[in-house]
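Q: Here is how the chains run, residue by residue.
Number of protein chains: 2
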Amino acid sequence: MKGMLEKFFSPTSVAVIGASHNPTKIGHVIFKNFLERFGGRVYPINVDTSPILGRKVYASIKDVNDKVDLAIIAIRAEAVPKVLEECGEKGVKACVIISGGFSEIGRKDLEEKCKRIAKKYGMRVIGPNTAGIYDAYSGVDAMFFPENRMKRPNRGKISFFSQSGAVGSTFMDLMAVEGLGISKFVSYGNAMDVNECDLIEFFGRDKKTEIIAGFLEGVRDGRRFLKVVKQVARKKPVIILKGGKSSVGTRAALSHSASMAGEYLVYSSVFKQTGVIEAKECEEFFDFLKVFSKQKPPKGRRVVIVTNGGGFGVLASDECEKQGLELPEPSDRMKKLLRKVLPPHAVVNNPIDLTGDATAERYLNVLKICMRSKEFDSILLIILLQIPTLGKEIVEFLGKLNMKKPIVCCSAGSEFSKDLIKKVENIGIPVYPTPERAVRALAALTRYAELERTKK
Amino acid sequence: MKGMLEKFFSPTSVAVIGASHNPTKIGHVIFKNFLERFGGRVYPINVDTSPILGRKVYASIKDVNDKVDLAIIAIRAEAVPKVLEECGEKGVKACVIISGGFSEIGRKDLEEKCKRIAKKYGMRVIGPNTAGIYDAYSGVDAMFFPENRMKRPNRGKISFFSQSGAVGSTFMDLMAVEGLGISKFVSYGNAMDVNECDLIEFFGRDKKTEIIAGFLEGVRDGRRFLKVVKQVARKKPVIILKGGKSSVGTRAALSHSASMAGEYLVYSSVFKQTGVIEAKECEEFFDFLKVFSKQKPPKGRRVVIVTNGGGFGVLASDECEKQGLELPEPSDRMKKLLRKVLPPHAVVNNPIDLTGDATAERYLNVLKICMRSKEFDSILLIILLQIPTLGKEIVEFLGKLNMKKPIVCCSAGSEFSKDLIKKVENIGIPVYPTPERAVRALAALTRYAELERTKK
Numbered sequence: 001m002k003g004m005l006e007k008f009f010s011p012t013s014v015a016v017i018g019a020s021h022n023p024t025k026i027g028h029v030i031f032k033n034f035l036e037r038f039g040g041r042v043y044p045i046n047v048d049t050s051p052i053l054g055r056k057v058y059a060s061i062k063d064v065n066d067k068v069d070l071a072i073i074a075i076r077a078e079a080v081p082k083v084l085e086e087c088g089e090k091g092v093k094a095c096v097i098i099s100g101g102f103s104e105i106g107r108k109d110l111e112e113k114c115k116r117i118a119k120k121y122g123m124r125v126i127g128p129n130t131a132g133i134y135d136a137y138s139g140v141d142a143m144f145f146p147e148n149r150m151k152r153p154n155r156g157k158i159s160f161f162s163q164s165g166a167v168g169s170t171f172m173d174l175m176a177v178e179g180l181g182i183s184k185f186v187s188y189g190n191a192m193d194v195n196e197c198d199l200i201e202f203f204g205r206d207k208k209t210e211i212i213a214g215f216l217e218g219v220r221d222g223r224r225f226l227k228v229v230k231q232v233a234r235k236k237p238v239i240i241l242k243g244g245k246s247s248v249g250t251r252a253a254l255s256h257s258a259s260m261a262g263e264y265l266v267y268s269s270v271f272k273q274t275g276v277i278e279a280k281e282c283e284e285f286f287d288f289l290k291v292f293s294k295q296k297p298p299k300g301r302r303v304v305i306v307t308n309g310g311g312f313g314v315l316a317s318d319e320c321e322k323q324g325l326e327l328p329e330p331s332d333r334m335k336k337l338l339r340k341v342l343p344p345h346a347v348v349n350n351p352i353d354l355t356g357d358a359t360a361e362r363y364l365n366v367l368k369i370c371m372r373s374k375e376f377d378s379i380l381l382i383i384l385l386q387i388p389t390l391g392k393e394i395v396e397f398l399g400k401l402n403m404k405k406p407i408v409c410c411s412a413g414s415e416f417s418k419d420l421i422k423k424v425e426n427i428g429i430p431v432y433p434t435p436e437r438a439v440r441a442l443a444a445l446t447r448y449a450e451l452e453r454t455k456k
Numbered sequence: 001m002k003g004m005l006e007k008f009f010s011p012t013s014v015a016v017i018g019a020s021h022n023p024t025k026i027g028h029v030i031f032k033n034f035l036e037r038f039g040g041r042v043y044p045i046n047v048d049t050s051p052i053l054g055r056k057v058y059a060s061i062k063d064v065n066d067k068v069d070l071a072i073i074a075i076r077a078e079a080v081p082k083v084l085e086e087c088g089e090k091g092v093k094a095c096v097i098i099s100g101g102f103s104e105i106g107r108k109d110l111e112e113k114c115k116r117i118a119k120k121y122g123m124r125v126i127g128p129n130t131a132g133i134y135d136a137y138s139g140v141d142a143m144f145f146p147e148n149r150m151k152r153p154n155r156g157k158i159s160f161f162s163q164s165g166a167v168g169s170t171f172m173d174l175m176a177v178e179g180l181g182i183s184k185f186v187s188y189g190n191a192m193d194v195n196e197c198d199l200i201e202f203f204g205r206d207k208k209t210e211i212i213a214g215f216l217e218g219v220r221d222g223r224r225f226l227k228v229v230k231q232v233a234r235k236k237p238v239i240i241l242k243g244g245k246s247s248v249g250t251r252a253a254l255s256h257s258a259s260m261a262g263e264y265l266v267y268s269s270v271f272k273q274t275g276v277i278e279a280k281e282c283e284e285f286f287d288f289l290k291v292f293s294k295q296k297p298p299k300g301r302r303v304v305i306v307t308n309g310g311g312f313g314v315l316a317s318d319e320c321e322k323q324g325l326e327l328p329e330p331s332d333r334m335k336k337l338l339r340k341v342l343p344p345h346a347v348v349n350n351p352i353d354l355t356g357d358a359t360a361e362r363y364l365n366v367l368k369i370c371m372r373s374k375e376f377d378s379i380l381l382i383i384l385l386q387i388p389t390l391g392k393e394i395v396e397f398l399g400k401l402n403m404k405k406p407i408v409c410c411s412a413g414s415e416f417s418k419d420l421i422k423k424v425e426n427i428g429i430p431v432y433p434t435p436e437r438a439v440r441a442l443a444a445l446t447r448y449a450e451l452e453r454t455k456k
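Just so you know, the protein sequences line up as chains A and B, in that order. Numbering-wise, the first sequence is residues 1 to 456 according to our numbering. Numbering-wise, the second sequence is residues 1 to 456 according to our numbering.
A portion of the hints provided could be inaccurate.
To be verified - A few chain A residues facing chain B, derived, Cβ under 10 Å:
1) Ser-10
2) His-21
3) Asn-22
4) Thr-24
5) Arg-149
6) Leu-174
7) Ala-253
8) Glu-326
Stated by the list, open to error - Quick list of in silico lysine to any residue cross-link-like pairs, SDA-like style, CA-CA up to 20 Å:
9) A:Lys-280 to B:Glu-284
10) B:Lys-25 to A:Pro-343
11) A:Lys-322 to B:Asn-148
12) B:Lys-335 to A:Leu-254
13) A:Lys-322 to B:Tyr-264
14) A:Lys-322 to B:Lys-25
15) B:Lys-335 to A:Gly-106
16) A:Lys-280 to B:Thr-389
17) B:Lys-322 to A:Tyr-264
18) A:Lys-392 to B:Pro-146
19) A:Lys-418 to B:Asn-148
20) B:Lys-151 to A:Asp-419
21) B:Lys-322 to A:Leu-265
Just so you know, these hints were derived from the structure itself, not from any lab. It should be emphasised that the depicted structure is a prediction, and the values quoted were computed from it without experimental measurement. Glycine is no exception: its CB is placed at the ideal position from the N, C-alpha and C atoms.
Work the whole structure out from these sequences, hints included.
A: In structure tokens, the structure reads:
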């Protein structure tokens, strides 16, 4: 059944089974999503065949006089097997069962029944009990979250799978807020058929996916998982947030997704072994996605910090050491170059402290030297915009820089800062609100780079 | 000289020495701040006695025909000793030397000279090389940061000292963004006279200070520091962020504030011994301030998690275990009560998973039971607002709760969420964007509570 996941994301025609006349119902929201976003043909299915949103409604998928690639099923659990059978007869090859009420509430029997039907017809199934799937390019949007509650991220290069529907939908909303672009999203729910391994494999091959991101509580087939991530993580960054790291978390995962979250140490060592980038918590997950979306991996661990606040330089240095990044002192030659463009009270070391009267010019001159230098592999830039001497032209100057090496920035504050930070991010420099988060993102990128080199 | 710091924060008259005619100059910004915010009398001092902002200017502080309590000095370093001498003759008892150009650039001689003058007249000095001081109640504002760059936080109960001026000003701006209210702020710069120990002692006695917060790189008198924090931390929460935790960070601190940041382990154990709450990084500093500002310490470690997203419950559980918080299973009696108000598919355990179709009523009913229960000491509330069944009335319902025990919330998302989150915070519940941050804040509050009980 390899390779059969394409139909989920690039169907030419879709049936929404359980498309509802009631605007507050899941089946209505999903049908509306397709009408608004999807380029292909959409067929609403409901026993009540009065039109929905002005569209002709079919009593059964079998009444549709067209080939159907993808069926979204949002009806009560008990009715799903019959409908699935009809999908099979119709020749549908991809089904998403949104409905809950299966193994997660002890109805394993109902799930097994569906499994047998799917197998009989060679259908791939996502779900049941899922928050849906999403493709920013094709416009497939089977997520039942209204847009005012859950913003849809822009088109981008991240494909994201989540075992938890709530984590999936909240993270999608946050990706939109953070400006992280997405290719595909899958909430795989009870994983009756399609699971994390299938998705990682598929995203690994998918041309529109450059970064693979996932939230998982547990995997069912450890051996396959090991094999799949080993293969895929060699090609693309795979960033995973693992739930169920502790004994109480594992217990919670068991009642949540019936996952054997298992010994975290095993997962952790699999991640390390295979080159999976593990985000230790939610925030890191987003921080890592941002840096991998915007910057190329550095050639080594040698970081130079450029700051206009000494205290922030100290905090960044602390985190660099903690993360295993190096902060070598600039050579005498480089120091000489730096002193030429800096006032005597600036600190020419590492961190390079431009001090509290730093101007945009001072930043530009120093960054030019750092970009050219062979003594450093990456730059950690700290820009505190509270300080009145630093003008808005800093953005324009950063835009002019020849980005010969990866650069990550730390800046934070109220409106004035927020406005400039957005502009800095728009020129491709990821900005983090604290020095520690900026350093951890850079460290993740650096570790990935080392893995990349090991492979060659 | 004990107790002599009051004049810095509640002067009746202030002289701004170096008040400038040029709106871009530090001396102008500070004078303007006083005119706009300060209730008492303000005298601008400048050799050019043409009016500034319509106010009569004095050539020397000695020309002022009034008692002056506080002098803010913002002139070039070389001229400071003479002016300080005049302040002494005038009977001023509190001076803030904003000017840089002293020991931080090797001019220890100039600093020593000032020290001798201050001693001769019994003057207390903050600085030199400081970002200023601030009192939200009296309107003392000697910070040279324009308001569009650095917002001033509202009046509140936190007093904050910072060894670094940049950390101080950026954090002030962020406190305003985060809605954290402040009483007093001091950037103590080179600490020629007033240092962290004086400030902690003073804030400990100050009636308008309920929470003491500080950023420090190193202390000069370890023995006194130990004695002071031991005493003060028994009375009020003292939250400290330490810069220079690593060898490279210590090196950076040395070139920044000439601090012997010293062995971090020593600091860390002093913090533990004395009951100082250590924020391990910038973000925790704010997260801890928020929880201490809004909630009372819990009676014990037993947390109940209430969530509408299973995955978030799992992540929160993981962090609880990591932080040493307990998640006991509810008793059969409590489970029975919970089942009465919950649908069968809800998970009645810990976390209590209200699941993806949770309504505001469901939350209210469960939270009422949790508030009354003697089985738990605090509540971790997870509210994912992406989910369409959860209405805006959740805010109103939370407002009705009888807050018998501390409650901390996790919620995040785009506009819809942001709007409701602000409202939840306004009713006194601190909200964090990730489960991990919410748990760490609650854990800090819990550890403090245990310390409180040990004292009794």
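Q: Run every hint past the structure and note whether it holds.
A: Verification of the hints:
The interface hint given for Ser-10 of chain A is broken, as the beta carbon of that residue sits about 26 Å from the closest beta carbon of chain B, more than 10 Å. Hint status for His-21 of chain A relative to chain B: violated, with the closest Cβ pair at about 17 Å, above 10 Å. Using the Cβ-Cβ criterion of 10 Å, the hint placing Asn-22 of chain A at the interface with chain B is not satisfied: the shortest such distance is roughly 12 Å. With 10 Å as the threshold, the beta carbon of Thr-24 of chain A comes within range of chain B, its nearest partner Cβ sitting at about 7 Å, so the hint holds.
With its C-beta approaching chain B no nearer than about 5 Å, Arg-149 of chain A sits inside the 10 Å limit, and its interface hint holds. Interface restraint check for Leu-174 of chain A: the shortest CB-CB distance to chain B comes to about 6 Å, inside 10 Å, so the restraint holds. Restraint check, Ala-253 of chain A versus chain B: the minimum CB separation of about 5 Å is within 10 Å; hint holds. Hint on Glu-326 of chain A holds. Least Cβ distance to chain B is approximately 9 Å, under the 10 Å limit.
Restraint check for Lys-280 of chain A and Glu-284 of chain B: satisfied, since their Cα atoms lie roughly 16 Å apart, inside the 20 Å limit. For the proposed pair Lys-25 of chain B and Pro-343 of chain A, the alpha carbon gap of about 19 Å is at most 20 Å, so the pair holds. For the suggested pair Lys-322 of chain A and Asn-148 of chain B, the alpha carbons sit about 35 Å apart, so the restraint of at most 20 Å is broken. Distance hint between Lys-335 of chain B and Leu-254 of chain A is fulfilled; the C-alpha atoms sit about 18 Å from each other, no more than 20 Å.
As the CA atoms of Lys-322 of chain A and Tyr-264 of chain B are separated by approximately 13 Å, the hinted pair is consistent with the 20 Å bound. The suggested pairing of Lys-322 of chain A with Lys-25 of chain B is violated, with an alpha-carbon distance near 40 Å, which exceeds 20 Å. Our distance criterion of 20 Å between C-alpha atoms is met by Lys-335 of chain B and Gly-106 of chain A, whose separation comes to about 19 Å. Restraint check for Lys-280 of chain A and Thr-389 of chain B: the C-alpha separation of about 30 Å exceeds 20 Å, so the hint is violated.
In summary, the hint linking Lys-322 of chain B to Tyr-264 of chain A is supported, as the alpha carbons are separated by about 13 Å, within the 20 Å threshold. A C-alpha spacing of about 14 Å is found between Lys-392 of chain A and Pro-146 of chain B, which places the hinted pair at or below 20 Å, so the restraint holds. A C-alpha spacing of about 12 Å is found between Lys-418 of chain A and Asn-148 of chain B, which places the hinted pair at or below 20 Å, so the restraint holds. A threshold of 20 Å between alpha carbons decides the hint, and for Lys-151 of chain B with Asp-419 of chain A the separation of about 14 Å falls inside it, so the pair holds.
Proximity of Lys-322 of chain B to Leu-265 of chain A is assessed by CA-CA distance (about 14 Å); at most 20 Å being required, the pair is judged to hold.
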